[in-house]
Amino acid sequence: MYKQKSTDKTISLLQSIATAAALLAFVLCVLILVNYYQVKRSDPLNSPAMKTMIERFRNNPDDEQIKNEIREFDLLARKAFFTTRWQIRTGGYLLLFSVLTVIICLKSVELLTPKIPDLPETTTGNFWDLRKLNRRWVIYSGVFLVSISLLFAFLTHNELGTTLDRISNTSASTTDSIDSTANNNQSAAEPSATDSSTAAVGDSAGLLQSLDGFPTQQEINSNSPSFRGPGSNGTVSQQGFPTSWNGVSGKNINWKTNIPLPGYNSPVVWNDKIFLSGANAAKREVYCFNLNDGKILWRSVVDKIAGSSATAPKVNNETGFAAPTLTTDGRRVYAVFANGDLVALDMQGKLVWAKNLGLPKNHYGHSSSLIMYHDMLIVQFDQSGSAYVMALSGKTGEQVWKTSRNVKISWSSPILVNTGKQMETILVAEPFVISYNPATGSELWRYDCISGEVGPSLAYADGVVFSVNDYSKLAAVQVGASPRLLWESDEYLSDIPSPIATAKYLFLPTSYGMMVCYDAKTGAKYWEHDFATPTYSSPMLADGNIFQLDKKGVMHIFKSDKTYISVNESPLGEGSVCTPAFVKGKIIIRGDKNLYCIGK
Amino acid sequence: MKKALALVLLVFLFAVQVMNSYGIQRFPKPEFESGYVQPETLMPDPRAEVLAIMDIAVLLVSLSVVSWLVLKKRSRNGVFWMSLFSLAYFGFYREGCVCAIGSIQNVTLALFDTSYIIPLSALIFFVTPLVYTLFFGRTFCAGVCPFGAMQDLVAFRPQKLGSKLNAVLGVIPYLYLGLAVLYAATGTDFIICRYDPFVGIWRLNASFGMFVFAGILLILGIFIARPYCRFLCPYGVLLNWSSRFSRRHLTITPSDCIQCRLCENSCPYDAIDIPVTVKNPEDKRTMARKLIFIIILIPVLIFAGGWTGSRLYESLAGVNAKVQLAKQIVSPPKDSNQPETFEIQAFKSSGKQQSLAFAEASAMLGKFYLGGWLLGGFMGLVFGGLIAGLMITKHHTDYIPNKGTCFSCARCIDYCPVKMP
Chain A
1 MYKQKSTDKT
11 ISLLQSIATA
21 AALLAFVLCV
31 LILVNYYQVK
41 RSDPLNSPAM
51 KTMIERFRNN
61 PDDEQIKNEI
71 REFDLLARKA
81 FFTTRWQIRT
91 GGYLLLFSVL
101 TVIICLKSVE
111 LLTPKIPDLP
121 ETTTGNFWDL
131 RKLNRRWVIY
141 SGVFLVSISL
151 LFAFLTHNEL
161 GTTLDRISNT
171 SASTTDSIDS
181 TANNNQSAAE
191 PSATDSSTAA
201 VGDSAGLLQS
211 LDGFPTQQEI
221 NSNSPSFRGP
231 GSNGTVSQQG
241 FPTSWNGVSG
251 KNINWKTNIP
261 LPGYNSPVVW
271 NDKIFLSGAN
281 AAKREVYCFN
291 LNDGKILWRS
301 VVDKIAGSSA
311 TAPKVNNETG
321 FAAPTLTTDG
331 RRVYAVFANG
341 DLVALDMQGK
351 LVWAKNLGLP
361 KNHYGHSSSL
371 IMYHDMLIVQ
381 FDQSGSAYVM
391 ALSGKTGEQV
401 WKTSRNVKIS
411 WSSPILVNTG
421 KQMETILVAE
431 PFVISYNPAT
441 GSELWRYDCI
451 SGEVGPSLAY
461 ADGVVFSVND
471 YSKLAAVQVG
481 ASPRLLWESD
491 EYLSDIPSPI
501 ATAKYLFLPT
511 SYGMMVCYDA
521 KTGAKYWEHD
531 FATPTYSSPM
541 LADGNIFQLD
551 KKGVMHIFKS
561 DKTYISVNES
571 PLGEGSVCTP
581 AFVKGKIIIR
591 GDKNLYCIGK
Chain B
1 MKKALALVLL
11 VFLFAVQVMN
21 SYGIQRFPKP
31 EFESGYVQPE
41 TLMPDPRAEV
51 LAIMDIAVLL
61 VSLSVVSWLV
71 LKKRSRNGVF
81 WMSLFSLAYF
91 GFYREGCVCA
101 IGSIQNVTLA
111 LFDTSYIIPL
121 SALIFFVTPL
131 VYTLFFGRTF
141 CAGVCPFGAM
151 QDLVAFRPQK
161 LGSKLNAVLG
171 VIPYLYLGLA
181 VLYAATGTDF
191 IICRYDPFVG
201 IWRLNASFGM
211 FVFAGILLIL
221 GIFIARPYCR
231 FLCPYGVLLN
241 WSSRFSRRHL
251 TITPSDCIQC
261 RLCENSCPYD
271 AIDIPVTVKN
281 PEDKRTMARK
291 LIFIIILIPV
301 LIFAGGWTGS
311 RLYESLAGVN
321 AKVQLAKQIV
331 SPPKDSNQPE
341 TFEIQAFKSS
351 GKQQSLAFAE
361 ASAMLGKFYL
371 GGWLLGGFMG
381 LVFGGLIAGL
391 MITKHHTDYI
401 PNKGTCFSCA
411 RCIDYCPVKM
421 P
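Chains as they are written, first to last, in this note's numbering: chain A, 1 to 600; chain B, 1 to 421.
Next up, chain B with everything else stripped away, as it sits in the complex (with noise of 0.2 Å):
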């Protein structure tokens, strides 16, 4: 049956894309004699903003419901049918926009760019899951994201990947959040929405090489559960961050923990951490000079990955659109049999002076330089603090969730043998 649903998937995600190519102009307009007026193309309105506040309204209610299934409840149904809904409201009836993981880049760029006004909403759906995350954990991934939803509906085969493969691939969200960052900075781009790769889906109108994204992350998360909010998520890093400091977080065991093993494997994540009874073996000089020894590593990482960033600064202005239309004006194609591209043909039209056009991408190239040392510098951070970070351990003798990387999807509740009283 499981194999038949991997099958049945493919071949719809392959479907949809099929729809998704008729999205083109395949005939000219028609010409008319009887003097009918074409009706010029009219820009859509903005959404009401009734529409706008029950959104926020729907995320607030959403998360406060969540968080008290998770919590109260402890019921990994109620977390499930929550995670649907999520997934039909914000996933198909809001086509993935508002959504909390974009709005990094609206805040960035308000903080950057003061002629940008961030939308209230887009506001709202950055910080409210952020300070409920600072409260109750991550709930926000459990059962109101729904790109979490997405995925957890196809996690049937979940494997366990190891502490090596969780450790290493957990970088990536740290680079994408990085790279998310200094495109929105500097007006660029907003990459996590261009390269969203399921919002295609809930609007019917991927991009081929979106699709194929989306298929495969979901494919993948038949096997290995949620590979997008572990190994890529950019918002997953700030609620890693903040669920840290959670003041209430899930607890496997509603009581004390007996020690029965039985949640061991529950989590498709990984995400719940053994029991450490077992003292460091190391002696406490041997680590206390390790630690010391990290410790002044830290600065050099930032600096040596501040360099290697600065050394990327052209490559990652490459996508800049005023640096892309120097560079085409510069280095024009070499076939002369290629047309024009847009980004000339409107240059060319507006009448704008060459000298203008290589200035803004002068100090484009030079906002990238140092957006490049600051990247490279904050890789050089993680890197350093996930080297630390499994340096330090405290002891516990219970399972207990990883409070922040779990997604208190309530999962493991499910295994535990001790109940509320």
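Next comes chain A alone, as it looks inside the complex (with noise of 0.2 Å):
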């Protein structure tokens, strides 16, 4: 009896204790969290007495009292932070001892109060047929675990696997496409300098045998699928092109052709097909021309095109409705126009797949060219607020990749190179040139070296890559995983033209009609020549010289040197904005109204 007082006393004595402990805990808890509240809402550090005082001391970065008042408003701050943390944790340790306290008091209770079975009436249902019933959830269970497994796998397989595989292909074929170059002796007149550039498209005997779908880098070298040429970089790997014609004389003019709409495209040639684009507000056509007489093979109307805008978008007069150049694979010809038309035709001019890519949200109208790595047609947009750059399969127009820029809108064109270690997609926009590996879409590297407006698209050469705008600079930037900065230069600077580079020279055309070459490593300027005639058309390297046509329509041709040794000035008899087709040993040039064959 007596034992029995006593064990009640100590029950009831632990219950009281449990209770002061849990009040404590729920006193504690309260009080944590109070704190919490009231830390987390103050930001000293950038309450507004702290940003006058910043203010104020970048006003007056001598006055030593304002220097001191901050420290010292730093100093309670962190005292504040500080203390805070060591009440919490404080506290945090007191709540942990009480809720203890609560739960071995329970327990305790639990242990002292005698138990009173809890008899069963009767046993639970037949053992037999509670058996087969768990068999038979044991077996939902399993098909449900599978189920869920399986829907699983389909909702998150993103075939990593295959890509990765796919992209092993692609390196390894660079890697041979690499290595052969280096054996491969180029013929360009300047073999050191066009070397590395050439070597930025690459060509390789191992992949000399056509892979499926898309053409060998041979047959991209010997045709001009792209604007400013193969990789889109200017720099042409054939020979034997004229230096001498007059259009007005008809000496070494091939043929001539009226271009039924107008465009600020250039040409792009293949086999023995060149191709334009042309448009107005109401219109817009893709043009096939016969290489060997000027004729049109066929011109194909691109309309009513599923979410193409009805109203004409609103573009400069120097941009136009058709101022992306169009690119080629040898299987088909695409072509993109201001209103984001984008058409992918057969080379019989059958259309084979076509989208609308929205109207681009352009000042000035789109101008980015468009241009194919492998089996893939690459776009870039930027347009603004939503810049991008994508990979559509050439077959189908599906969309391979797509990576969103963080750029303002820009007017240039992506370039292709190979780095020495892989292939890649280099594209310049306010405020970044941002490399791109082209069969994964994936960021490679980025500099931030570039602002305004860009129009001019980049050159390279030998591993360094240049870009410019005016307003701007003119940065080397050597490529790779860390770009670094070689030179930079704000002398003259280009707002349409492109500049070309080769491993020892940078030219840089402007506008206004100046042409500046520097040394590509070091930035040292060798000279400048005015040919005081504006130039929006970009240079082209062949045969050792520079190809740099004026809006009049005068091709100025010089020697790719150190110094301005001028081979020849020929006049086209018509203006010109346009860049020159450099192909099997004929120059195509578009001028304002009619497109031109030069051939010797």
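None of these hints come from the bench; they were simulated from the model.
Among these hints, one or two may not hold up.
[What the hints assert, rightly or not] Cross-link-like lysine-lysine pairs, in silico, DSSO-like; alpha carbons within 27 Å at most: (1) A:LYS5 <-> B:LYS419; (2) A:LYS600 <-> A:LYS559; (3) A:LYS256 <-> A:LYS273; (4) A:LYS273 <-> A:LYS551; (5) A:LYS600 <-> A:LYS521; (6) A:LYS295 <-> A:LYS361; (7) A:LYS402 <-> B:LYS348; (8) B:LYS279 <-> B:LYS164; (9) A:LYS9 <-> A:LYS40; (10) B:LYS403 <-> A:LYS421; (11) B:LYS284 <-> B:LYS322; (12) B:LYS284 <-> A:LYS132; (13) A:LYS408 <-> A:LYS361; (14) B:LYS394 <-> A:LYS132; (15) A:LYS361 <-> A:LYS402; (16) A:LYS314 <-> A:LYS355; (17) A:LYS304 <-> A:LYS395; (18) B:LYS322 <-> A:LYS421; (19) B:LYS290 <-> A:LYS132; (20) A:LYS593 <-> A:LYS551; (21) A:LYS350 <-> A:LYS256; (22) A:LYS600 <-> A:LYS295; (23) B:LYS73 <-> A:LYS132; (24) B:LYS348 <-> B:LYS160; (25) A:LYS408 <-> B:LYS348; (26) A:LYS251 <-> A:LYS600; (27) B:LYS322 <-> A:LYS402; (28) B:LYS160 <-> A:LYS132; (29) A:LYS350 <-> A:LYS421; (30) B:LYS73 <-> B:LYS348; (31) A:LYS304 <-> A:LYS273; (32) B:LYS403 <-> A:LYS132; (33) A:LYS551 <-> A:LYS562; (34) A:LYS521 <-> B:LYS348; (35) A:LYS132 <-> B:LYS72; (36) A:LYS295 <-> A:LYS562; (37) A:LYS402 <-> A:LYS355.
[What the hints assert, rightly or not] Derived, one-sided and incomplete: chain B residues facing chain A with beta-carbon distance under 8 Å: (38) ASN77; (39) PHE80; (40) LEU204.
Don't be surprised by glycine CBs; every beta carbon is placed ideally from N, CA and C.
Both chains are sitting in their own frames, so use the hints and assemble them into the complex.
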């Protein structure tokens, strides 16, 4: 009896302690939470008082008093923070202790309280029936687990393994290309200078056999498939181009054909076919000319594209409705227009696929040209607010990859280069030069070196990429995982024509007619020459000569050298703002109204 | 009182999390003009060998004492106080490390990666509880494991779940074990440690997610005793297997069962097997046919499980650092405003070639493909085994603890009116 009373007293005591500890724990919890929210709300280092003091200090950097005030305030804030930390931590330990006290007391009560067994009335169900039911439930759970697993696999599987294999194969091809290119003796007049830039688009005996669905590097180099030639880098590895012609007298003019609709895009050539586009506010067309006689083989009207806006985009007169140059892979030709219509036509002009990219948010009009990488069409779409670059399957138009770009609107075009390690497509727009893996769209590196409304495209040679824009600067950036600035200059800048580079030299044209030659590696200026005529066309390097067309249609031809040596000046007899295509010993120039083929 | 306790527990756990949320660097490092040089960040020294030996000694002594309390003294109170000690030592003092549950991963990694040298304490923490279980049942769970102790403390209102739910939920630990072995074998992660629900409380540094997980387990634990031990613990699977063969296991009654049924509802873990006196109503032929069917079915289940697992390999590999890096390189975030991830930054600064990163990721995907087959096959075997197990039953006339699932907590002993002579 006495023992029972004593136990009851102990139980009662333990219950009281548990209650008190629980109350304490609750109060501590509330205090910690209040403390937490108080501190969370205050941000002393960004308080208006601190900001005012910092502003005052900026205006009076020598004022020691303000400096000391800031220090004191900073110290105060740090002290307050660490005091709060201490309070919360100590409170936490007290909390832990009180909760443990509650649990231990209650557990002790449980142990001291006599157990009154809960005698079940009957045994639960038939044992064997229960077993059967359990078996069934195990089977159900197995089926459920398999279903969930398969559903999860279906939802999350993204063919990463296939993608990696594909990249590995591509890398292997690229490595072959690099090795073989190193053994190839380039035949340009300035071999040492053009080697690396030609290597930019690669060539390889190992790749001579055509891979399914896209041309070999040799095929690409023997054509002019994109703006500024193979790789869009301005360098031509073919030889034997004329340096003298006259559009008025007809000297060396093979043929001249009127272009139905206007456009500032440049000609691209595949075998004996030349492709151009023309457009006005109401109509968009793609043309195919015969390289041999200049006759229009076919013209394809681009209209009724799903999603295409009924209203024409607002464009600048110097951009027009068909500024982007087409591209071709010899299987199809691809064109994009100022309203966002993107089409793929077969070599006979028949529509393969088409889509509208949306009306570009571009106040001058979209002008970035297209380029191919293997069987993928790479589209640079630097519009306001949502710039991106993407690759579409050339065959189907399906998106292969799409990468957002945190850049401003630009009018430049992508280049495709082999940096010796890998193929890279490099784009420029304020504020970055950004390199992407053309197979996957993943960003490889970026360099912050440009500003403004970027029009000129990049030049690349021997591991160095050159960017330029008016009111910004000319920058030479060593490419790689950690790009670095080699040199920069702001003496001469371009807003429309793009520079061209060799391993030794950089040639920079300006839209007001200057041509400047720099040492590519050091930035030392070798010479400058004033053509005295505005220039919008971009220079091309062929046969060791630089070909620069001015707005009046005069081609200024000079040696790719550190001294200015003029080779010739050949008039077209018609103005031009487009960049010529060099192929099979012929130069194809788009004049303001006519297409010219110049050959010996 | 119990409701109040649950409320306090909930608020307490939230407050613990609040404390932890301060573990961030709130201020930039001060800039000194006095020439003071900021001290370099130092890595803490490894735990002294003597302390590691002490951990082993405490484990061995605790296991011995608990086994003695369960089998010889048959004292629930003794087991309870030992579990409190274990919680204090292995939980709060040792902060949940070293731990027998997590040691599965150390052992697995040591088996698959020859460059990994398993710490002696991890090996002993893995082997010793299994050996003790083989002799004395799951006395480790009863009073040595801090996980069990933590949950046992809050098991105030345990409810019976019923055999159906127990059977279904009992599959989860096998899956967790399989995943833990897969991720440890591939060197991907120690998921048991990463998703350890209580270590954050012991160390006062739980992430919010893990804190919520721990809170749910503890609150659930008031009504469903030891939810982690029963329906998650991967080490419990090994202990379960080991305990089935235990030489001396806890018995409810020290002598002959008098069929009083007082213990029938005493076990909060549904681990008491009621007497099976009625024979299976199915005739022997039907039973034999079913058994043959299940024997044939098991290889089919293994293959089906393996195939399903192999479909999941890319999802399973998604958490591997090498695969994640390749994925980030191949598919960068669509929002270019997002800053580069630390992984990408580190990769770029390493100067490592992408091709190497892709090759490593490809090799890892290959490992996960094989691992997916093995994991799925294992799960197929588990399901087959469970179904077969539910077809084979030994007849017994007494109330006995289920050797596999009984935690040897000794609660049932107090309910038995038969006492030791």
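We went through each hint and held it up to the structure:
1. The hinted pair formed by LYS5 (chain A) and LYS419 (chain B) meets the criterion: a straight-line CA distance of about 25 Å does not exceed 27 Å.
2. For the hint pairing LYS600 (chain A) with LYS559 (chain A), the CA-to-CA distance comes to about 20 Å; that is within 27 Å, so the pair holds.
3. With a CA separation close to 15 Å, the supplied pair LYS256 (chain A) and LYS273 (chain A) stays within the 27 Å bound.
4. Of the pairs offered as hints, the one joining LYS273 (chain A) and LYS551 (chain A) holds, with about 26 Å between alpha carbons and a cut-off of 27 Å not exceeded.
5. Pair hint LYS600 (chain A) plus LYS521 (chain A) does not hold up; C-alpha atoms about 36 Å apart against a cutoff of 27 Å.
6. Note on LYS295 (chain A) and LYS361 (chain A): the hinted pairing is violated, with a Cα-Cα distance of about 36 Å set against a maximum of 27 Å.
7. This hinted pair checks out: LYS402 (chain A) and LYS348 (chain B) have alpha carbons roughly 21 Å apart, not beyond 27 Å.
8. For a cut-off of 27 Å, the pair hint linking LYS279 (chain B) to LYS164 (chain B) stands: about 21 Å separates their Cα positions.
9. Between LYS9 (chain A) and LYS40 (chain A) the CA atoms are separated by roughly 46 Å; this puts the pair beyond 27 Å, and the hint is violated.
10. For a cut-off of 27 Å, the pair hint linking LYS403 (chain B) to LYS421 (chain A) is broken: about 63 Å separates their Cα positions.
11. A threshold of 27 Å between alpha carbons decides the hint, and for LYS284 (chain B) with LYS322 (chain B) the separation of about 55 Å lies outside it, so the pair is violated.
12. A hinted pair counts as satisfied when its Cα atoms are at most 27 Å apart, and LYS284 (chain B) with LYS132 (chain A) qualifies at roughly 16 Å.
13. With a C-alpha separation of about 11 Å, the suggested pairing of LYS408 (chain A) with LYS361 (chain A) holds against the 27 Å cut-off.
14. For a cut-off of 27 Å, the pair hint linking LYS394 (chain B) to LYS132 (chain A) stands: about 16 Å separates their Cα positions.
15. For the suggested pair LYS361 (chain A) and LYS402 (chain A), the alpha carbons sit about 18 Å apart, so the restraint of at most 27 Å is met.
16. Among the hinted pairs, LYS314 (chain A) with LYS355 (chain A) is consistent with the structure: their alpha-carbon atoms are about 20 Å apart, no more than 27 Å.
17. A hinted pair counts as satisfied when its Cα atoms are at most 27 Å apart, and LYS304 (chain A) with LYS395 (chain A) qualifies at roughly 20 Å.
18. Distance check on the hinted pair: LYS322 (chain B) and LYS421 (chain A) sit about 21 Å apart at the alpha-carbon level, within 27 Å; holds.
19. Restraint check for LYS290 (chain B) and LYS132 (chain A): satisfied, since their Cα atoms lie roughly 12 Å apart, inside the 27 Å limit.
20. A hinted pair counts as satisfied when its Cα atoms are at most 27 Å apart, and LYS593 (chain A) with LYS551 (chain A) qualifies at roughly 13 Å.
21. Restraint check for LYS350 (chain A) and LYS256 (chain A): the C-alpha separation of about 25 Å stays at or below 27 Å, so the hint holds.
22. Our distance criterion of 27 Å between C-alpha atoms is met by LYS600 (chain A) and LYS295 (chain A), whose separation comes to about 19 Å.
23. Only pairs whose Cα atoms come within 27 Å are accepted, and LYS73 (chain B) paired with LYS132 (chain A) is rejected, the gap being roughly 39 Å.
24. Distance restraint check for LYS348 (chain B) and LYS160 (chain B): the Cα-Cα separation of roughly 56 Å exceeds the 27 Å cut-off, and the hinted pair is therefore not satisfied.
25. Straight-line distance between C-alpha atoms of LYS408 (chain A) and LYS348 (chain B) comes to about 25 Å, which keeps the hinted pair within the 27 Å bound.
26. With a C-alpha separation of about 9 Å, the suggested pair LYS251 (chain A) and LYS600 (chain A) falls inside the 27 Å cut-off, and the hint holds.
27. For the proposed pair LYS322 (chain B) and LYS402 (chain A), the alpha carbon gap of about 23 Å is at most 27 Å, so the pair holds.
28. This hinted pair checks out: LYS160 (chain B) and LYS132 (chain A) have alpha carbons roughly 19 Å apart, not beyond 27 Å.
29. Restraint check: the Cα-Cα separation between LYS350 (chain A) and LYS421 (chain A) comes to about 38 Å, which exceeds 27 Å; the hinted pair is violated.
30. Note on LYS73 (chain B) and LYS348 (chain B): the hinted pairing is violated, with a Cα-Cα distance of about 64 Å set against a maximum of 27 Å.
31. Taken as a hint, the LYS304 (chain A) and LYS273 (chain A) pair is honoured in the structure, with Cα atoms around 26 Å apart against an allowance of 27 Å.
32. Straight-line distance between C-alpha atoms of LYS403 (chain B) and LYS132 (chain A) comes to about 22 Å, which keeps the hinted pair within the 27 Å bound.
33. For the proposed pair LYS551 (chain A) and LYS562 (chain A), the alpha carbon gap of about 25 Å is at most 27 Å, so the pair holds.
34. A hinted pair counts as satisfied when its Cα atoms are at most 27 Å apart, and LYS521 (chain A) with LYS348 (chain B) qualifies at roughly 24 Å.
35. Between LYS132 (chain A) and LYS72 (chain B) the CA atoms are separated by roughly 38 Å; this puts the pair beyond 27 Å, and the hint is violated.
36. Simply put, LYS295 (chain A) and LYS562 (chain A) have alpha-carbon atoms about 41 Å apart, too far for the 27 Å limit, and the pair is violated.
37. The hinted pair formed by LYS402 (chain A) and LYS355 (chain A) meets the criterion: a straight-line CA distance of about 15 Å does not exceed 27 Å.
38. Nearest Cβ of chain A to the Cβ of ASN77 (chain B): about 6 Å, under the 8 Å cut. The hint holds.
39. Annotation: interface hint on PHE80 (chain B) holds; nearest CB of chain A at approximately 7 Å, less than 8 Å.
40. Checking LEU204 (chain B) against chain A: minimum C-beta separation of about 6 Å stays under 8 Å; hint holds.
In the structure shown, a violation is registered for the earlier hints numbered 5, 6, 9, 10, 11, 23, 24, 29, 30, 35, 36, in ascending order.
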